[in-house]
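K.L.:
Each chain, written out:
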Amino acid sequence: MSASRILIAIFLIPFLAAFLCPLAGLWRRRFVHPITVLGLSGSAVCAFCGLLKVVRTGPVHYTFGGWAPPLGIEWTLDGLSAGMAVLISSMALIVVAGSRVSARAEVGESVTAFYTSCLLLVSGLLGLVLSADLFNVFVFLEVASLSAYALVASGGRRARVASLRYLILGTMGATFYLLGVAYVYAATGTLNMADAAARLDPVMRTPTAVLGLTFIIVGLALKMGLFPLHGWLPDAYTHASDAASALMAPIMTKTAIYALVRILFWVFGTGTVTETFPVMNMLAWAGAIAVVAGSVMAFTQTDLKRMFAYSSIGQVGLIVLGIGLANKTAMAGAFLHVLNHALMKGCLFLIAASAGYAHGIRTLDDLSLLGKRMPWTMGAFWVAALSMIGVPPTCGFFSKWYILLGALRAGQPFFAFLIVASSLLTAAYFFRALEHTYRQRPERRNGGEGPVGLVAATTGLSLTIVSLGVLSLHVLRIIERAALPPGLQ
Amino acid sequence: MGDVILGYANYWVSVVLLLSGIYVVMAYRNFVRKLIGMSLMQTAVILFFISIAVKARATVPILEEHATLIVPAHYDNPLPHVLMLTAIVVGVSTLGVSLALVIRIHKDYGTLEEDVLIRRMRELP
Amino acid sequence: MIVESIRPGLAVASSLAAAGLILASGRRPNLREAWTLIAALVKLGLIVSLLPGVCSGIVYQTDLFEIMPGVRLFFRADPLGMVFGLVASLLWLVTSVYSIGYMREIKARSQTRYFFCFALCLSSTIGVAFAGNLLTFLICYEVLTIATYPLVIHNETREAVAAGRKYLVYTLTGGGVLLLCVAWTYRMCGTLDFVPGGFLAGQAPPQSLMVLFALFMAACGVKAALMPLHAWLPTAMVAPTPVSALLHAVAVVKAGVFGILRIFGFVFGPSLLKSLGVIPPLAALAAFTIITASIIALYQNNLKRRLAYSTISQLSYIILGAAILTPTAFTGSIMHLANHAFMKITLFFCAGAIYCRTHIESIDEMGGIGRQMPVTMGAFAVASMGLTGVPFLCGFVSKWHLGLGAVEAGEVALVFVLVISGLLNASYFFPIVYAAFFIQPSKSFRKKEHRTALLAPIVATAILSVLFGAIPFLIERQHLLASLSVSRIWGQP
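For the protein sequence lines, the chains are A, B and C, in the order given.
Throughout the first sequence, residue numbering follows the numbering used here, covering 9 to 497 in sequence.
Throughout the second sequence, residue numbering follows the numbering used here, covering 49 to 173 in sequence.
Throughout the third sequence, residue numbering follows the numbering used here, covering 24 to 516 in sequence.
Chain A on its own, in the form it takes in the complex (with noise of 0.2 Å):
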């Protein structure tokens, strides 16, 4: 297969899928599961051929119906998008291939437009991953997070509430976003990525630029849950149904960000962001609020799914903080937090899920049940918790790692604390539950282990945080040679 034809499998293969499971839910609705893990594991495969082409031969490029660049639409696959492609796809497969029981459980009926909603996320995820024109970007945020308001909004009645508070913030953002990519094409007459980037360097100082960096800033940050943009996360973490929750949680928020620094280093340039307007460092405070105000909030917390929201509203100020430092050290560790934070958030979910599949587990308080009866889910729940600590040998101590040698090596000895200092909030949160699961256990009720999926999906997934952090190097490299932004220090 050529390497444009790998691109443009990356997301038509779900996409397909995502046509395909209402029909066989129709017919036979047993169906609908297998095609959506056939769909996305297609997916994922086809993401890794495309990474590994990528790191070898350079960036790979497919043109709609062969109109030339900047007239017609291009899709580009490079170090970072492949990266992110990887991730999406194979993040989803876990969590749709390992949550079947507890899906069923939850969403019952409407399994097929459960399913046929996960593939369309995903695929809108992986369109907005590989597009390289900006318009084009914009039509698949909208795509998934139509999908994702479809998602929430299958937890039950709560959910619904959520996920209308969700869809108006939500759409807000994207309006903000298309409004950014308006003045960026005022400014420019284009909206291919590279083009864009060519023809914005002479006119960078114009209010029209500006005003388009702005808006399409303030737009993601809505989409990404930036503090205090956040509002619709935690209700909509909370309340959607487990396997819909998990599924969202580790990609939705990480692809806003990809959009984010794909926009602000390839198309305005890192000349401009750090140097002409300063936004870096505006950015990169705004992530150190984000990163103190989320962890204080988890603090305050008394359900377990929504602690793990509002820690991911940390975790994105973090990786935000990351790339608002804006030096090699600093990114390369925030993109690393990237893959580390979708990892442990989604074990964290799955476990959520699994918790509350066996035991009826929702809030911290009930986590004394998971103790002795759930071994394995324990495990995952320490490792992954570890590992949003910063504890070393796992992963989520590497990218910290980094992003403070970052923070030292820009000189902002301040934000080096404040790295640490969230680390600490984050293990008081942490093990604030974690010592719920040593309270003494007068009642003994049955059951015991989540479903086999669950299981085996957390079980997984701790391993991988572990390894990942031992080989936390060589991700590094990869990420150092093929994805970090030209041009930065």
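One or more hints might be untrue.
[Stated by the list, open to error] Label pairs and their computed distance ranges (CB to CB):
#, chain 1, residue 1, chain 2, residue 2, range
1, C, Leu-238, A, Gly-387, 28 to 36 Å
2, C, Gln-226, A, His-482, 42 to 50 Å
3, C, Val-218, A, Val-211, 35 to 43 Å
4, B, Pro-120, A, Gly-495, 29 to 37 Å
5, B, His-122, A, Thr-222, 27 to 35 Å
6, A, Thr-308, C, Ile-61, 30 to 38 Å
7, B, Ala-104, A, Gly-495, 35 to 43 Å
[What the hints assert, rightly or not] Covered by chain A, according to a simulated footprint, are these stretches of chain C (three or more residues, beta-carbon under 8 Å):
#, segment
8, 90-101
9, 183-189
10, 206-213
11, 440-447
[What the hints assert, rightly or not] Every beta carbon over 10 Å from chain A, so not counted as near; a handful from chain B, in silico:
#, residue
12, Val-108
13, Pro-109
14, Leu-111
15, Ala-121
Hint data in this document are derived by calculation from the structure and do not stem from the laboratory.
C-beta: ideal position from N, C-alpha, C; glycine also.
Once you have looked at the hints, place chains B and C on chain A.
P.N.:
Same frame as chain A, but now just chains B and C:
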């Protein structure tokens, strides 16, 4: 002064629409009103996009049969219109999903006021 | 001379493997305990097998792989690490036997978790001892912190959980500061490998180095229970006694002290430290800790808490010895690191044995207990005399070197501190011994001495503290190992 207002009339309209949209979303507690505000915002952006396609003394971008020399400056930019068709589709589907949600929420809770809803949501078992 | 060898790495890995096996055989207690013992024996054997080579000046190294750009994960058995590694692995074996006896005696629950975490702790302790660079050290240090937590809260009572929380707040904060230090060092030097005599000299302006040193001391000072960072240690005494014995007298706190020695000798280096002028405040703090902790110990009625404060005081001996910055005192420090471990673990074992049999924890009720448990209390007497500094017991040897070093450096005030503290030691230990043997019991103790699993370790460690104070050959060997590492640091042949 008059130039600034009249010469940029469509931009001003889009700014006013955008700001009022944001205001409606923020200020009103009723979800249907919020959705109206949301649609206003989308419309504002669509108007803005269409506005940047306009060129002075240019016409609709339809090539006449006998035209031999094509001067781009004589025609409005067609691309934003096409893009906005897509954006409208996206907007309509969003609105569709949101209205579906609104209907379900109204069935479940009997109200669409945000603060009441959040309170009832918390009280659910 | 550096020789590649797999043995230091294996020594770390052996208890890690045991941890896995323990978890796998949780349903069969005898097999599970067998794994613990086998791993302890293997570990001890591996480390002892390194001893002749290390004594003749060889440094064994297990190079694993590069874990960060320019930083490798590797273990290196140098003389300083050997002292700690040897002590920890020797006492693990003893404690394993004791743990098995203790946990079965009190019919503790979750024993699988207990032995699993214990093995994990030992792995990381040996990792701390053999770490070849700051990053390896940091990793092992953090794993040690985390692996100890389930042991501290083992009883799962409200009190234990609260103690665990306090323990974590202190140690994780220390770990965070350590992380900051290590990152800063890496940023400054681009390397983290320990170099005898230090590698920081000339890498940064003195002001930054002073701040860095203060941060390092704060980081390791938490585990070393340097006042005012000590509060977690007495609280953590709610843990089962074997945990207090091994971890809070040997592994965890010694990891902190050992870290300080490492940072003194292999990161900053004595000459840099002297020129920075950061030592007097640290020495003053250590001296303050020695005296204050001893005074507080006088007022403790709970035996384990008294021992905890005694530990705090004794740990600062080691820090003080390092802070005197003369080869003799540093040698004394290293020797005290080992000797204190032998004596303190004996005392904790005794406290545990008493609790096991009689459920007595407070000193008031121990009158006459020596008549029922003569062997236990005899061992207690030996160990407490050793800590006080009675000749022919191992505490005397290391204290002698500390005092000698202080005299050499002209710090007579510090000698005075040592003497005062010796007197205080005597005044909080001897009343217990006196009461145990010479006071009529207030109530009758039904049961008598213990089963062998509990008694043998007590006797063994008590004998160890006698041997290292009375047998010239052993003292010489210990002194050789300590002075070898000192001569590496000071750069003498």
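K.L.:
Give me the numbers of the hints this structure contradicts, sorted from smallest to largest.
P.N.:
2, 3, 6 and 11
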